[in-house]
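Protein chains in written order, with our numbering: chain D, 366 to 480; chain G, 499 to 613.
Source of the hints: derived by calculation from the structure; they are not laboratory data.
On a predicted model such as this, the values are computed, not experimentally measured, just so you know.
We treat Cβ as the ideally placed atom computed from N, Cα and C, and that holds for glycine.
It is possible that some hints are incorrect.
Going by beta-carbon spacing under 8 Å, a handful of chain G positions derived as facing chain D [as the list claims (entries may be wrong)]: (1) K520; (2) Y537; (3) G541; (4) L542; (5) F544; (6) L554; (7) K556; (8) G560; (9) K575; (10) F588; (11) K600; (12) F603; (13) S605; (14) R612.
Below, each chain spelled out in residue letters.
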Amino acid sequence: DTAVSQTPKYLVTQMGNDKSIKCEQNLGHDTMYWYKQDSKKFLKIMFSYNNKELIINETVPNRFSPKSPDKAHLNLHINSLELGDSAVYFCASSQSGLAGSNEQFFGPGTRLTVL
Amino acid sequence: AQSVAQPEDQVNVAEGNPLTVKCTYSVSGNPYLFWYVQYPNRGLQFLLKYITGDNLVKGSYGFEAEFNKSQTSFHLKKPSALVSDSALYFCAVRDRASSASKIIFGSGTRLSIRP
C-alpha cells in the first residue's frame with residue numbers, strides 16, 4: 366500500500382503551458398507539504414497545509430497554486446510554466462502535534478521537465 | 499532564523515568500516531533534528547530524530563546519531579557500513595519554539611560505500 370502517492374511520475378511540457386500534479390496520502394495525517402528539489406538536490410519547502418488550511422507559503426511565484434480539497438489530498442497547479450520550473454517536486458505528509466516533532470513521509474516525486 | 503549545514507558534499511567509506519556524516523545546526527531555541535535518506539529516483543525516507551532525552555538516538559538500518567548541544571551538531575553514524583547504505587543523506591532541523599515553523603533541510607551528503 367502506497368502511503369504517499371503522486372501523479373504523474375514524469376511530466377514533460379512546453380514553456381507557457383499549465384500543468385497540475387496530484388498528491389494523496391492514506392496515512393490519516395493532517396498536514397501535507399510540497400517541496401521542490403533542484404538539479405543540485407537542494408530541497409526547499411514551497412507550501413504546507415494543515416487540515417486544508419494554508420500554514421506555510423514560501424516565496425514562490427504566484428504561478429504556483431496549491432489546492433487541498435480534503436486533508437488527504439494536496440494538488441499543485443502551475444501556470445505559464447518556465448524553464449526554471451524544471452525540477453523534482455515532492456509531496457509529503459505528517460501528523461501535527463508536539464510542536465512539529467513528527468517526521469514527514471515523502472511521495473516518490475514528480476520529475477517536471479519544461480522544454 | 500534556523501539553518502542547517504552539511505559540510506561534506508561526499509563521504510567515501512570502505513564496506514565494513516564505520517561511517518560518519520556530519521551535520522551542524524542553528525536555531526534560536528531548542529531544536530528537533532532529523533535525518534532522512536534518499537535513494538536514486540525515490541522520495542526521502544525518515545531514518546531517525548532527536549526530540550528530547552538521550553543524546554544518542556538509534557534509527558533504521560543500524561544508523562544512530564548523537565545530539566551535541568554545545569557543538570550544535572547531530573552527526574549520523576554507523577559502526578559498519580554496507581554497500582547498500584550508498585545514498586544521499588539529509589539532515590533537517592525544526593525550531594520547537596513554534597509549531598508553525600518549517601523544517602529546514604541541509605544540502606545533502608552523498609555517501610558512497612565501496613566493496
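Do the hints match the structure? See the list:
For G:K520, the interface hint is violated, the least distance from its beta-carbon to any beta-carbon of chain D being 17 Å, above 8 Å. For G:Y537, the interface hint is violated, since its Cβ never comes within 8 Å of a Cβ in chain D; the closest pair sits about 11 Å apart. For G:G541, the shortest C-beta to C-beta distance to chain D is roughly 3 Å, which falls under 8 Å, so the interface hint holds. Of the supplied interface hints, the one on G:L542 holds, with its beta-carbon coming within about 4 Å of a beta-carbon of chain D, less than 8 Å.
Given hint, G:F544 at the interface with chain D, holds; its Cβ is 4 Å from that chain's nearest Cβ, closer than 8 Å. Nearest Cβ of chain D to the Cβ of G:L554: about 18 Å, over the 8 Å cut. The hint is violated. With a cut of 8 Å, the hint placing G:K556 at the interface with chain D is violated, because the nearest CB-to-CB distance is about 15 Å. At about 18 Å, the closest approach between the beta carbon of G:G560 and any beta carbon in chain D exceeds 8 Å, and the interface hint on this residue is violated.
For G:K575, the shortest C-beta to C-beta distance to chain D is roughly 19 Å, which exceeds 8 Å, and the interface hint is violated. At about 7 Å, the closest approach between the beta carbon of G:F588 and any beta carbon in chain D falls short of 8 Å, and the interface hint on this residue holds. Because the beta carbon of G:K600 sits about 5 Å from the nearest beta carbon in chain D, less than 8 Å, this interface hint is met. Nearest Cβ of chain D to the Cβ of G:F603: about 4 Å, under the 8 Å cut. The hint holds.
Taken as an interface hint, G:S605 checks out: its beta carbon lies about 6 Å from the nearest beta carbon of chain D, inside 8 Å. A distance limit of 8 Å between C-beta atoms decides the matter here; for G:R612 the minimum to chain D is near 21 Å, and the interface restraint is violated.
Hint compliance for this structure: hints 1, 2, 6, 7, 8, 9 and 14 are broken, all remaining hints hold.
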